[in-house]
Amino acid sequence: MSIAVDDIVGEVFSTSSAPQGDRVVVQLVGCLDMETAPLLKHYLSQLSPSAESGELCEFEFNIEQLYLLSSSAISCLATWLKALKAIEHVRRVRFVTNANLGWQRRSLDPLRRLAEKLVAVD
Amino acid sequence: MVTTPSDAGWGASLCFVAGFAGRVRLVSSSRQLIAELCSAYLEPTDQSAALVMAAQELLENLAKYSVNGDASFEFSLAVHEGQPRVRIRTRNAASAEHLAQASELLDRIASSAEPVALYDHWVAASGEREGSRLGLIRLRAEACLSLSHTIEAGLLHIEATGPVEPKRSAS
Chain A
1 MSIAVDDIVG EVFSTSSAPQ GDRVVVQLVG CLDMETAPLL KHYLSQLSPS AESGELCEFE
61 FNIEQLYLLS SSAISCLATW LKALKAIEHV RRVRFVTNAN LGWQRRSLDP LRRLAEKLVA
121 VD
Chain B
123 MVTTPSDAGW GASLCFVAGF AGRVRLVSSS RQLIAELCSA YLEPTDQSAA LVMAAQELLE
183 NLAKYSVNGD ASFEFSLAVH EGQPRVRIRT RNAASAEHLA QASELLDRIA SSAEPVALYD
243 HWVAASGERE GSRLGLIRLR AEACLSLSHT IEAGLLHIEA TGPVEPKRSA S
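Read top to bottom, the protein sequences are chains A and B. Heads up: the first sequence begins at 1 in my numbering, then just goes up one per residue. Heads up: the second sequence begins at 123 in my numbering, then just goes up one per residue.
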C-alpha cells in the first residue's frame, strides 16, 4: 500500500511522513504560525483521501521538534479532526509531545477535548 | 543582580512600533525577542511559554488587521502592587468593520465566566467561518491572562495582564 503525500520542505516548517501499513507517522518540525499554517492545511488535505478510502486508519504526529503552534494551525487541525471523526474506520490520531515542552500538551488540550474518542496526546 | 518577586526594581520591557501589516517575518523576529526576554527573567514554566504564545497571537493580529502605517506592541514585566506581572499592549488602526468585530469578540472573551468552554466551543466551530477567532481566546483560556480593550479615534488598544513567576536570579 502506498499513499500519495508530498511532504512540506520549508525553512520554517517541514513534515516527514512514514507510512506503516494502515498508519502513518508524521514528524512536524519547526514553527506553525500564520505563514506556515496553510502549508499544514495543504498537507492534511493530502491525508484525507487515504483516510476516507480506508488506506489509513491511524495517524501519529510527532511534534517533539515543533516550537510554535499558533491559533491558525490549531484551527487547521480542528477542521481536519472534525472531518476525520465522521469516518468510521479511523481508529486513532496520536500526538507525541516533547516532555521538555509542557506547553505542547496544554495547546493540544482543546483538540483532545474536541475528539476525545479519537485523539490521544502522549 | 539577584531579584525576587518583591523587588520593586525587577522587570524589563520591549516595545516595537512598526508597520506590521503583512510582515510575517517581523512577527517572528519580535516573538523571538520576547522569548529571549522571558527566558532571561522568568522561570521556564508552561506559563512563561504561554506568554510567548500570547505575544505571537497579538503580533499576528497586528500583521493581519492593522492598517494605515505604524502599529505598536509593548511587552513588559514589572512589579505592580508588590506582585510581578506581565502586561502586553497593542495599538493599531483597523478598518471600521474589523474594529466592530474585534470589539464584539473581545467583549465576549473578557466577560466570559468560562473561557475554556468558550475556547472549546470556537475550536469545535473551526472551518465554519473566515478567520479562526482562536487567537484572542487563547490568551484567556490557555495563558490565563485578563483582557481589556478600548477603541479611540479609530485605534484599537488591547491590554493583556497576568501574574508571572520571576527567575530566582537574573542579570
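Source of the hints: derived by calculation from the structure; they are not laboratory data. Treat the numbers as computed from the prediction; the structure is a model and nothing was measured. The beta carbon of each residue, even a glycine, is placed where N, CA and C say it ideally should be. Check each hint, because a few of them may be wrong.
Cβ-to-Cβ under 8 Å is the rule here; a few derived chain B residues that face chain A [unchecked claim]:
{"#": "1", "residue": "165"}
{"#": "2", "residue": "168"}
{"#": "3", "residue": "178"}
{"#": "4", "residue": "182"}
{"#": "5", "residue": "240"}
{"#": "6", "residue": "242"}
{"#": "7", "residue": "246"}
{"#": "8", "residue": "249"}
{"#": "9", "residue": "251"}
{"#": "10", "residue": "264"}
Hints, verified against the model:
1. 165: Because about 12 Å separates residue 165 of chain B from the closest Cβ in chain A, which is outside the 8 Å limit, the hint is violated.
2. 168: Holds - the Cβ of residue 168 of chain B comes within 8 Å of chain A, reaching about 4 Å at its closest.
3. 178: holds (6 Å)
4. 182: Holds. Min distance 5 Å.
5. 240: violated (11 Å)
6. 242: holds (5 Å)
7. 246: holds (6 Å)
8. 249: With Cβ-Cβ at 3 Å, under 8 Å, it holds.
9. 251: violated (10 Å)
10. 264: Result: holds, 6 Å to nearest chain A Cβ.
Checked against the numbered hints above, the structure violates hints 1, 5, 9; every other hint is satisfied.
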